[in-house]
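Visitor: Sequence:
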Amino acid sequence: LEYHGEHMAVGMDTLAVVKTLELFEREADIVVLPPFYYGAASYAVAPPEGSGSVQVGGNALAPFAEELFFSLLRIGFRNVHAIIHHQTENFAAGMPTDLAFKSAGRQAIFRFLEKQRGEGWWGSEAMADYYAEHAAGENFFNWVQVHPLMPATMNGQYPFDHAGIGETSLMLALCPEAVDAGHFADNTGWYTASAPEASAELGQKGVAMILEHLRAMLLA
Numbered sequence: 001l002e003y004h005g006e007h008m009a010v011g012m013d014t015l016a017v018v019k020t021l022e023l024f025e026r027e028a029d030i031v032v033l034p035p036f037y038y039g040a041a042s043y044a045v046a047p048p049e050g051s052g053s054v055q056v057g058g059n060a061l062a063p064f065a066e067e068l069f070f071s072l073l074r075i076g077f078r079n080v081h082a083i084i085h086h087q088t089e090n091f092a093a094g095m096p097t098d099l100a101f102k103s104a105g106r107q108a109i110f111r112f113l114e115k116q117r118g119e120g121w122w123g124s125e126a127m128a129d130y131y132a133e134h135a136a137g138e139n140f141f142n143w144v145q146v147h148p149l150m151p152a153t154m155n156g157q158y159p160f161d162h163a164g165i166g167e168t169s170l171m172l173a174l175c176p177e178a179v180d181a182g183h184f185a186d187n188t189g190w191y192t193a194s195a196p197e198a199s200a201e202l203g204q205k206g207v208a209m210i211l212e213h214l215r216a217m218l219l220a
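With the working numbering applied, the sequence shown closes on residue 220, and no number is skipped along the way.
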């Protein structure tokens, strides 16, 4: 939940993921968990007073995410994917929300394997083929993965912004009720200057690219 200008819902970052997954679910046999709206929004864009931004820091997110992933592993899931849109233009280096979930995924896997196999599990003879299997793509650390909604390959092909033409177009295509064009004129931030140029048509192009990304990532 982060301020996205006067014209758009504060939950845009999560709505983009939810609405895209609803489309993807029509063509794939997947389980979609209820969305988690809270993250390290920060107050970099706007202070919380009157803006609606809700800040939950990475140090608070990580323990929750670890318990969630650990529970899913105990249930039997071995192909868990968390998808994030917030601040993912810096996904490779990492930002507070995605770093918290990435770390939590690793911690949950280590914890699960130690519970299942005991201490020293990696050094046992049963793991002698670890590196060969890793080279072949078999890696239990892939049981939990974290991904950006918009991959780096979309850079230059679709505008990546904050509450500007790119994100506003995504919402017009996926969740038009989250955009109120009547409030474009109320925006004062530089980052919203391009928002009035948004269109559902442009948003659909972005959605198509995201769906291709999801197919390559989740159906491989």
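Worth flagging that the hints you see were computed from the coordinates, not collected in a lab. One or more hints might be untrue.
[Claimed, not checked] Here are the computed lysine-lysine pairs in the DSSO-like style, where the Cα-Cα straight-line distance is at most 30 Å: (1) LYS115 / LYS19; (2) LYS205 / LYS19; (3) LYS115 / LYS205; (4) LYS115 / LYS102.
[Stated by the list, open to error] Taking CB as the label site, the calculated pair distances span: (5) PHE110 / GLY182: 12 to 20 Å; (6) ALA28 / GLY123: 46 to 54 Å; (7) ARG215 / HIS134: 21 to 29 Å; (8) ARG117 / PRO48: 16 to 24 Å; (9) GLU177 / LYS205: 26 to 34 Å; (10) TRP121 / ARG26: 23 to 31 Å; (11) ARG111 / LEU218: 38 to 46 Å.
Ideal Cβ placement from N, Cα and C applies to all residues, glycine included.
Visitor: Run every hint past the structure and note whether it holds.
Guide: These are the hints, each one checked on the structure:
Between LYS115 and LYS19 the CA atoms are separated by roughly 36 Å; this puts the pair beyond 30 Å, and the hint is violated. Of the pairs offered as hints, the one joining LYS205 and LYS19 holds, with about 15 Å between alpha carbons and a cut-off of 30 Å not exceeded. With a C-alpha separation of about 45 Å, the suggested pair LYS115 and LYS205 falls outside the 30 Å cut-off, and the hint is violated. As the CA atoms of LYS115 and LYS102 are separated by approximately 20 Å, the hinted pair is consistent with the 30 Å bound.
For PHE110 and GLY182, the hinted distance range of 12 to 20 Å is not satisfied, since their beta carbons lie about 51 Å from each other. Under the hint 46 to 54 Å, the C-beta atoms of ALA28 and GLY123, about 38 Å apart, miss the expected range. Taken as a hint, the range 21 to 29 Å holds for the pair ARG215 and HIS134, whose Cβ atoms sit roughly 25 Å apart. One distance hint, 16 to 24 Å for the beta-carbon pair ARG117 and PRO48, is violated here, with the actual separation near 45 Å.
Evaluation of the 26 to 34 Å hint for GLU177 and LYS205 yields a failure: the beta carbon distance comes to about 21 Å. The hint said 23 to 31 Å for the Cβ distance between TRP121 and ARG26, and at roughly 40 Å that hint is violated. At roughly 25 Å, the beta carbons of ARG111 and LEU218 sit outside the given window of 38 to 46 Å.
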